[in-house]
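Engineer: Chain residues, written in single-letter form:
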Amino acid sequence: MIWSENETLDREQMRAVQLERLQDTVKRVYEKVPFYRSALKEKGVEPGDIKTLEDIRLLPMTVKQDFRDNYPFGLFAVGKDELVRFHASSGTTGKPTVVGYTRNDLNTWAECVGRLVTMAGVTYKDVAQISFGYGLFTGALGLQQGLERVGASVIPMSSGNTKKQIMIMKDFGTTALISTPSYALHIAEVVREMGMDPKKDLSLKWGVFGGEGSTEAMRKELQDAWGIFATENYGMSELIGPGVSGECQALCGMHINEDHFIPEIIDPKTGQVLGEGEAGELVITTVTKEALPILRYRTKDITSLHYEKCACGRTTVRMSKIQGRSDDMMVLGGVNVFPSQIEEVLLNTPGIGPHYQIKVFKKGYLDKIEVVVELVDASVLDSYTQLEALTRDIKARLRTVLGIDSKITLVEPRTLERFEGKAKRVIDLR
Amino acid sequence: MLIKQISIFIPNRKGTLARLTSKLRENGIDIRAISVFDTTEFGILRLVVDDAEKTLDMLKSEGFVAKVSDVIAVEPEDKPGSLDEIFHILADNDINIEYIYSYVMRRHELPYIVLKTSDMERAVGVLKDNGIKVIE
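In the order they appear, the protein sequences are chains A and B.
The numbers in the numbering used here rise by one with no breaks, and the one at position 68 of the first sequence is 69.
The numbers in the numbering used here rise by one with no breaks, and the one at position 28 of the second sequence is 13.
Hints are computed from structural coordinates only; laboratory data are not their basis.
Because the structure is a prediction, the values reported are computed rather than measured.
Be a bit skeptical, because a hint or two may be false.
Stated by the list, open to error - Restricting the straight-line Cα-Cα distance to at most 30 Å, the calculated cross-link-like pairs of lysine-lysine (DSS-like) are: (1) B:52 <-> A:408; (2) A:360 <-> B:118; (3) B:45 <-> A:408; (4) A:363 <-> A:165; (5) A:396 <-> A:164; (6) B:-1 <-> A:408; (7) A:364 <-> A:425; (8) A:425 <-> B:-11; (9) A:301 <-> A:396; (10) A:363 <-> B:-1; (11) B:-11 <-> A:360; (12) A:396 <-> B:52; (13) A:301 <-> A:360; (14) A:396 <-> B:39; (15) B:-1 <-> A:396; (16) A:44 <-> A:301; (17) A:425 <-> B:113; (18) A:369 <-> B:-1; (19) A:364 <-> B:-1.
As the list claims (entries may be wrong) - Distance ranges between label pairs, derived from CB positions: (20) A:408 <-> B:79: 37 to 43 Å; (21) B:79 <-> A:329: 53 to 59 Å; (22) B:42 <-> A:408: 32 to 38 Å; (23) A:157 <-> B:19: 57 to 63 Å; (24) B:121 <-> A:344: 48 to 54 Å.
All residues carry an ideal CB built from backbone N, CA and C; glycine is no exception.
This is chain B alone, in the form it adopts within the complex (with noise of 0.2 Å):
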């Protein structure tokens, strides 16, 4: 129900983000999904990957601060006013969404949602009660 993401500091340097993809390259992981917001001194960087704790590892023994979280994935419909309906849900729960980012799988039609929010196992439990596809 809840899927585990890594945040990783990245200072606003160039080539920090092709050490950070070489290092993975290097150690065959899956990138599933990635996010980085523009900022002017530094950024965090949110990775799904195949294997969390074992990238986590990784990229720590690589001198990267870095540490997993879990984040909600979430399939919407495919019509007008998906992400409407889930916003409101957690709206009227008053469930603060933090960040909220998409990623596409292969061989699925639709791009999944990824939510970041103040409560994660009770914006779960609405979500489903309310009809809403959570990834498991």
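One chain only, chain A, in its complex shape (with noise of 0.2 Å):
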């Protein structure tokens, strides 16, 4: 089943659909954001340059450190009057993302989602169990939006407490389970744990998985574990949240909802625009938000484009599996982590030097990160007490700035490797 007509038009009623909406857009912020519009100035652009498609590659790239700069919403082309609904995402100094939404924006985005849980093979006839946590993130209210407006039940459950997942899954008869890939193995083996088999004593039919990458390989063991059909689905909060695009039942890349999305795929070094197929960095221009449009967003997400038709009837222009990042993001249990997160707590907590590791690992199937540091403060050497709790204060400010546990592991000082050039500090044995 297709959700919406606007997801088979041809090649040349799309185009004119991208352009109205880009010309619209473009005039919007050029009145509305004085961000933009000192960019475009910069730039020379006036919102009547842009008179085809290929024009957008005449304005001006947005990137994250743009939304801290204007922090909280100084990017924003509404007034707080018309905003409905705030969200936001971790923040690389402290200060997070923040994200606003209008009636209409919500609108679009239940749309775009309920687009994508159609794909995935979810409809009105499924009891759906949101196991994304809940709250300022966007992945856990965006999915209940699409899922409601196609219909299905749906389940607020949030993420943790995997054994009431379980329960509340039997009972209710979920069909179809929206986590990341990761939790949704971890819960797979929690619920054999418990003496079931996840395939005939619970109902799921459909996976549709988001928050974090995954692989052919993670998508067989799913599909073996659950006996479900998998399919992933992308978005960040700075776009509009979930709801850019995800894989249909042919599961041949993610179709992007590209009458609200419209993607470039650059080289991250050169700012070259790159050709169909091409492998570089994703570049979104979102063309239908009120609240926040965002020109050319940087997503530091590497991917390539695809436009021959789908066999399954759609002719939205489909992006590969995310094959990795043109900056040093990890993604931890569907959690956005920079390094340069961690190193700031770091050099703010006395008592350690300033030279770290991370190590990110997986225990089972759950996403795990050590944090390596040098004891230089002997002072704490008077007992345990004190070497235990520096040890909880360096946990205890990781947690706070982002929003999970890690280990911390105190070595000697000079035993972490020192770096002339570019600094190799993170470790990932996943």
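Relying on the hints, combine the two individually framed chains into one complex.
Structural biologist: Structure (structure tokens):
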């Protein structure tokens, strides 16, 4: 089933829709967002210069730092009176990235997610359990609105408390699980530990996964463990949240809702726009957002675009699975973590040195992080209590910024590797 | 009345102790007492040596995290109940013992007991007042 007729427009029709919406967006940000007005002026571009879709290349790019520099509402194109919702993602220096939505934006969002969950197989007949964390993050509420749009019965379960998840799953007859792929694998493991068979004793049919990338091997593992059809979808709060793109039943890439999000692929080093099928950094321009229209957002995700017709009947462009990052962001259990966030915490913690090493690994199916730091302050050696208090202090500070628990390992000074060039402080063992 | 003890941070890794003792050996430092408890992640090694300040300088220059602190060394009498007597004296005076270990000096028949307490000066005072032999 295809949710919206906009998913089957022929290329010329789609380009016409995109151009009209792009022109409107550029005009609005020029008039209403001082940041974009000066960025456009700096490039000598007026809204009237956007005459074809290719003219998108004249527009300035937006990066995550721009959200920080304009914290909290500097990039907004509407006043607070028109906003009906805020969300935020973890920030790299303590301040989160704030996003806002008008009533129409929430409608657009529900529509975009509605398309994705339909692609994934979910209909009004399904009972959908959302096991993403609720709160400021866009994941859980974004999926909820889209699932309600298609008429699925939503269980706003949130993450954690796995045994209770399983009880509800069994008792409510959950047919669709919405979570990170690694959490879904973890739940399956706990189901088996509880003496049940995830395939026989539960009724899951669909796995709608996001929040972190996954591999084909992981999909197979998920399908084998649960007996489900597993798809993944893609999005980020800066653009809208979940709802940018998702996989259909043909499993040949994620269809981008390109009547709302215009994609480009660039060479991350030169900024040069690359052609169809070439791998590079995904850049997205939102063309229907009211509260927070974003021009050419550099997602830092590496992928490629494919325009040939899909077996599912949709004509929208597909992006391949995310192949990596053009920066050093890590995704831990669906939470985005930058080494710079960890560094900032460590540098502000007394008693330890400035060098550190981050180890990321899997324990079972769950992501774990270990932070190794050098102890420099001998005054804590009076007692184990003081030494343990120091590790607890570091752990608590990291939790405040990252929202996740980490293991702290203290080592002697000068034992961590020193780097002369670009430091390689992250060891990802996953 | 108080003796100098060195506390050294020891990550729980193979070879850390050997690296430490070889540095002590190279520098001709005589270990009088050594104590470390088992922990999962890291340990604090307590050391009594002949020249604490010199040893500390050497350890720091070798990259160890170490500090000198004061402890009490007492010589209990060789009879049942002598440790019980010492602990009661401290308890009755509301002094908490943080840790304790013992060491034997050559040419002495009896082990010395090293004590770290919550109030070192007062602990020495009450022990002496009660006739306990505190090593100078």
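Engineer: Hint by hint, say whether it matches the structure.
Structural biologist: How the hints compare with the structure:
no.	hint	in the structure
1	B:52 <-> A:408	26 Å, holds
2	A:360 <-> B:118	52 Å, violated
3	B:45 <-> A:408	27 Å, holds
4	A:363 <-> A:165	23 Å, holds
5	A:396 <-> A:164	26 Å, holds
6	B:-1 <-> A:408	20 Å, holds
7	A:364 <-> A:425	23 Å, holds
8	A:425 <-> B:-11	42 Å, violated
9	A:301 <-> A:396	28 Å, holds
10	A:363 <-> B:-1	24 Å, holds
11	B:-11 <-> A:360	39 Å, violated
12	A:396 <-> B:52	25 Å, holds
13	A:301 <-> A:360	22 Å, holds
14	A:396 <-> B:39	35 Å, violated
15	B:-1 <-> A:396	25 Å, holds
16	A:44 <-> A:301	23 Å, holds
17	A:425 <-> B:113	58 Å, violated
18	A:369 <-> B:-1	24 Å, holds
19	A:364 <-> B:-1	24 Å, holds
20	A:408 <-> B:79: 37 to 43 Å	38 Å, holds
21	B:79 <-> A:329: 53 to 59 Å	54 Å, holds
22	B:42 <-> A:408: 32 to 38 Å	34 Å, holds
23	A:157 <-> B:19: 57 to 63 Å	58 Å, holds
24	B:121 <-> A:344: 48 to 54 Å	50 Å, holds
Hints 2, 8, 11, 14, 17 from the list above are not met by this structure, while the remaining hints are.
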